[in-house]
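Respectively, the protein sequence lines represent chains G and H.
Per this note's numbering, residue 1159 is the first one in the first sequence, and the count goes up by one each step.
Per this note's numbering, residue 1159 is the first one in the second sequence, and the count goes up by one each step.
One or more hints might be untrue.
It does not matter which identical chain is used: a pair holds within one copy or between any two.
As the list claims (entries may be wrong) - The list that follows gives simulated cross-link-like pairs (lysine-lysine, BS3-like), each with its CA atoms no further than 30 Å apart: (1) Lys1601 x Lys1398; (2) Lys1251 x Lys1236; (3) Lys1412 x Lys1608; (4) Lys1665 x Lys1601; (5) Lys1390 x Lys1465; (6) Lys1172 x Lys1412; (7) Lys1471 x Lys1198; (8) Lys1386 x Lys1172; (9) Lys1661 x Lys1601; (10) Lys1284 x Lys1665; (11) Lys1185 x Lys1284; (12) Lys1661 x Lys1608; (13) Lys1198 x Lys1661; (14) Lys1304 x Lys1412; (15) Lys1608 x Lys1665; (16) Lys1185 x Lys1601; (17) Lys1465 x Lys1198; (18) Lys1412 x Lys1471; (19) Lys1236 x Lys1178; (20) Lys1291 x Lys1163; (21) Lys1236 x Lys1185; (22) Lys1386 x Lys1661; (23) Lys1386 x Lys1304; (24) Lys1251 x Lys1661.
To be clear, the hints were calculated from the coordinates, so they are not data collected in a lab.
There are 2 protein chains.
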Amino acid sequence: MISWKNLDTLAAFKKLSGMKDRVDLPKAMAGEVGAQRVAKYCVPMAGGLVYNYAAKAVDDEVLSVLCALADEAQLAEKYRALLEGEIINTGEKRRVLHQLTRGQQGADVVADGVNKREFYVAQQQKAADFARKVHAGEIANAAGEKFTTVVQIGIGGSDLGPRAMYLALEQWARQCGALKMEARFISNVDPDDAASVLQGIDVAHALFVLVSKSGTTLETLTNEAFVKNALKGAGLDASKHMVAVTSETSPLAKSSDYLAAFFMDDYIGGRYSSTSCVGGVVLSLAFGPEVFARFLNGAAEADALAKNPDPMKNPAMLDALIGVYERNVQGWPATAVLPYSQALSRFPAHLQQLDMESNGKSVNRFGEPVGYATGPVIFGEPGTNGQHSFYQLLHQGTDILPLQFVGFRENQLGVDVDIQGSTSQQKLCANVAAQIMAFACGKADENPNKAFAGGRPSSIIVGDRLTPESLGALLSHFENKVMFQGFCWNVNSFDQEGVQLGKVLAKRVLAHDTDGALKAYSDLLNI
Amino acid sequence: MISWKNLDTLAAFKKLSGMKDRVDLPKAMAGEVGAQRVAKYCVPMAGGLVYNYAAKAVDDEVLSVLCALADEAQLAEKYRALLEGEIINTGEKRRVLHQLTRGQQGADVVADGVNKREFYVAQQQKAADFARKVHAGEIANAAGEKFTTVVQIGIGGSDLGPRAMYLALEQWARQCGALKMEARFISNVDPDDAASVLQGIDVAHALFVLVSKSGTTLETLTNEAFVKNALKGAGLDASKHMVAVTSETSPLAKSSDYLAAFFMDDYIGGRYSSTSCVGGVVLSLAFGPEVFARFLNGAAEADALAKNPDPMKNPAMLDALIGVYERNVQGWPATAVLPYSQALSRFPAHLQQLDMESNGKSVNRFGEPVGYATGPVIFGEPGTNGQHSFYQLLHQGTDILPLQFVGFRENQLGVDVDIQGSTSQQKLCANVAAQIMAFACGKADENPNKAFAGGRPSSIIVGDRLTPESLGALLSHFENKVMFQGFCWNVNSFDQEGVQLGKVLAKRVLAHDTDGALKAYSDLLNI
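Okay, chain G solo, but in the shape it has when bound (with noise of 0.2 Å):
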């Protein structure tokens, strides 16, 4: 029997309240005792990779707690609850269901009458086919000549995690010969986006992918006209140069402007949708399908690991668990995402969309103000960049931010130089290494300005290189990590209604329905 508690009220968490400031980062992490941590605090995640928390603050005490806390709260039986299809988002009445877009982890789960699974294979299927009918020439521009060039309009998750999951891919696929189509994305309602998105390629080879799952984007709506219109400016007929991803009951789904429709359904959160046809459409165009295949592979085999009750054993649950322990315990009000991979240039943004969108919530799964803070603000630019930019104040700064690295062993492109008796790939590896002990150990020095205090924790997720299936398992990871982390907060991770009231209001704007400060912004900004 499942019951949901405000982590407040767990007794594992008040058994943890009493462990801040336990572990002697500096100290833990000195010497072969370290050299140990690094050895024993290493767990293998899915797609090949490792999560290596050594380098965060919590010693065995600490996770024999966390490992009571996700007994407490039930974890690995909440999972479950939402693989099988129950009511997990309780605020819009949905079940939680974009883990069965890439394998089933459990039971059937049937909704309104359909097999759940087998409806978002055969929407998979379905672009495939239509992928591969494009890359054979079968579906072409109107003069008969393949389309070179797709084009994603949407925003949010229809946006942030296919852009970051094609970025991830571009080179490992040019490299491969895998890259079928080049990709490009139009998100903002600034026409100055889609303008400058469509003077950089060629309309007539180019087909446009229309992803709303309402139908009712404002954004995207306005940017399919405004690429329309450049269509018929091109004196192309926008109907053959275009396909929607939306939801079966959308004014999208059977419209003739569109040569195909794909649908997806109200169990996939827009930040959760990169492995429904919301990535699969744009993602199979680009690389073929059987590479999009490899990435729901990665994925589900993450999922399939998130299933231990055994937070030891299950990295995604560790990582959420220490997670509690940095913000609840600790108190630390903001983490920083650092890939060591040009290809993970967008992941940071991605995460900074599943993270905060999805625990950024005042109140618990019955509408009751919580007593603790629930998800903290997240960022990240890629390494080496980062090194150069903000982490001074991650070194220096009064605040201790928890960092999350990410590195793999090889680079995508496979084309390297070697400068004073190391590779690229090399130097950034060794970067990575060392940013996680100067973080961790500090270093005294004279010169107070020179002085690092250390103590500052990470943890890193290593790989021999960001693959299909790796990426798949990072995409994965962190979805689990959020999901038990919303578990733990008690709080429903699957809405936002956070985002509705800006919407209501600039409708209100629109309408010139304004009075008082509103009106006054109005009229500065001449709207």
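Assemble chain H onto chain G, guided by the hints.
Showing chain H alone in chain G's frame:
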């Protein structure tokens, strides 16, 4: 006589500390009172911009104490001392002269026997002459063909600022015919970064700008070698495709490996160098020297405005003071920068470096630990994209984060569509107006999931259009804001010792001179 005192020793700060949670923002911003605030709490900036702080949680009494604080902390005097060449960067014993790259706000500054304003202007002229010759085809590739692309190789301040400025003006320049050359940027030591930039350009017509003040930045020299390999592989003479931006004493300064060298000096930190040759060469090549000069004029106008000792007429000083109130009295840990302009997509990344690297310090300028919070976390993405991402947490999360909006009445490209009775640009502006009010006032709702507490403060910078002048003003505004905050916190905002330890340790890893946990991480990463 200037005296450098810690914030918590100032009488005005003690008074300010008693003014926590003083303003009921939902009430203050409601009805006609709110409209009056929008009209009243608004100060002109340079470049035709205004800084509107009506939705900040301040009132006349708080502002009056902030004015007293500015006076007591001698903000105007300290800025004047900086402008006149005093050693403000005490840790490194250096003057701070970036303002001299765009104008002269005080007496002549002579250093190392040179009038520094004349030195910077001479370098600008050299860059302008060089750019004009490239544009005219007088400086061309070996085949006598014009260069069409400029590629900046640099990291940190040699990358983030110039890249953000280029992106900010690229579409504007395209629209008005000022785009002379497209620019690209290589920064990360990840070899996939350089490889992917190189595969996207025509190297035979590319001119590379190598930027490293010391001439020893490892990432930059590695990427230079990578690029030279590629040029050689394409049968090209690298020395005919590359210029250097460096200090006069660097090994790059007189090397025959470069077509030309342009000089900076130790008085300009990387993150403050966009208006020096670090930004000047690439931006003059991209847009022409006249556009770069307009950008400098906007910055100079803002620098002049920042001299006003009255914070109520000095937007950079006022912004800084309100930020100190939010950080040190309200206790808010992070600030989001939210430009409603796609062209400013990387402006938050620049501000992230500018602010966090400048003020992420724990010791004062005498090396003594400070007993209060200094620089906050800075992050952001363009609106409306952020609205569909992390705004959920900003609206309904458990932490309050102050927000900095930026908006323009017109877009850059002048292309737009009218959908549902409004243009995209109107929708964009309506959204930012709506968000400010939603954050400030919130909304009651029977359903607690849909209730917004409000009381989430923001300010907005508004202009007609993002142009070279307004961009320069925006850049300088934030540089001066960060400087004034550094003065308040009594930290040295112009060094960055926090980045050194990682470099030292990375060298040890590459030399295989490691033991303990550092060796264990090196092994984990197969270095």
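Consistency of the hints with the structure:
Proximity of lysine 1601 and lysine 1398 under a CA criterion of 30 Å is satisfied in neither setting, with 63 Å inside one chain copy and 44 Å between copies. Taking the shortest alpha-carbon separations for lysine 1251 and lysine 1236, only the intra-copy value of 16 Å comes in at or below 30 Å, while the best inter-copy value is 59 Å. When the C-alpha separation of lysine 1412 and lysine 1608 is checked against a cutoff of 30 Å, the pair qualifies neither within a copy, at 65 Å, nor between copies, at 32 Å. Within a single copy, lysine 1665 and lysine 1601 get their C-alpha atoms only as close as 55 Å, which misses the 30 Å cut-off; across copies the closest is 16 Å, which meets it.
In the homo-oligomer, the alpha carbons of lysine 1390 and lysine 1465 never lie at most 30 Å apart, since the shortest distance is 51 Å inside one protomer and 53 Å across protomers. Within a single copy, lysine 1172 and lysine 1412 get their C-alpha atoms no closer than 54 Å, and across copies no closer than 66 Å, so neither meets the 30 Å cut-off. With identical chains, the CA atoms of lysine 1471 and lysine 1198 are at most 30 Å apart within one copy only, with a shortest distance of 12 Å there and 59 Å across copies. Proximity of lysine 1386 and lysine 1172 under a CA criterion of 30 Å is satisfied in neither setting, with 58 Å inside one chain copy and 60 Å between copies.
In this assembly of identical chains, lysine 1661 and lysine 1601 lie within 30 Å of each other by CA distance solely across copies; the values are 13 Å between and 50 Å within a copy. Taking identical chains as interchangeable, the C-alpha atoms of lysine 1284 and lysine 1665 are never at most 30 Å apart, the minima being 36 Å within one chain and 52 Å between chains. For the homomeric pair lysine 1185 and lysine 1284, neither the shortest alpha-carbon distance inside one copy (56 Å) nor that between copies (54 Å) is at most 30 Å. For a Cα distance limit of 30 Å, the shortest separation of lysine 1661 from lysine 1608 across copies, 13 Å, qualifies, whereas the shortest one inside one copy, 48 Å, does not.
Within a single copy, lysine 1198 and lysine 1661 get their C-alpha atoms only as close as 49 Å, which misses the 30 Å cut-off; across copies the closest is 27 Å, which meets it. Taking the closest pair of Cα atoms, lysine 1304 and lysine 1412 come within 30 Å of each other only inside a single copy of the chain (25 Å); across copies the shortest separation is 51 Å, beyond that limit. For the identical chains of this complex, lysine 1608 and lysine 1665 are inter-copy neighbours only, at 18 Å across copies versus 53 Å inside a copy, given an alpha-carbon limit of 30 Å. In this assembly of identical chains, the alpha carbons of lysine 1185 and lysine 1601 lie at most 30 Å apart only when taken from the same copy (12 Å versus 49 Å across copies).
Proximity of lysine 1465 and lysine 1198 under a CA criterion of 30 Å is satisfied intra-copy only: 22 Å inside one chain copy versus 57 Å between copies. Neither within a single protomer nor between protomers do lysine 1412 and lysine 1471 lie at most 30 Å apart by alpha-carbon distance, with minima of 46 Å and 58 Å respectively. Taking the shortest Cα distances, lysine 1236 and lysine 1178 sit within 30 Å of each other inside one copy (27 Å), while across copies they are farther apart (41 Å). For a Cα distance limit of 30 Å, the shortest separation of lysine 1291 from lysine 1163 qualifies neither inside one copy, at 51 Å, nor across copies, at 71 Å.
In this homomeric assembly, lysine 1236 and lysine 1185 never come within 30 Å of each other (Cα to Cα): the closest approach is 37 Å inside a single copy and 41 Å across copies. Only within a single protomer do lysine 1386 and lysine 1661 lie at most 30 Å apart by alpha-carbon distance; the minimum there is 24 Å, versus 51 Å between protomers. Only within a single protomer do lysine 1386 and lysine 1304 lie at most 30 Å apart by alpha-carbon distance; the minimum there is 19 Å, versus 36 Å between protomers. Proximity of lysine 1251 and lysine 1661 under a CA criterion of 30 Å is satisfied intra-copy only: 22 Å inside one chain copy versus 52 Å between copies.
Of the hints listed earlier, those the structure fails to meet are numbers 1, 3, 5, 6, 8, 10, 11, 18, 20, 21, in rising order.
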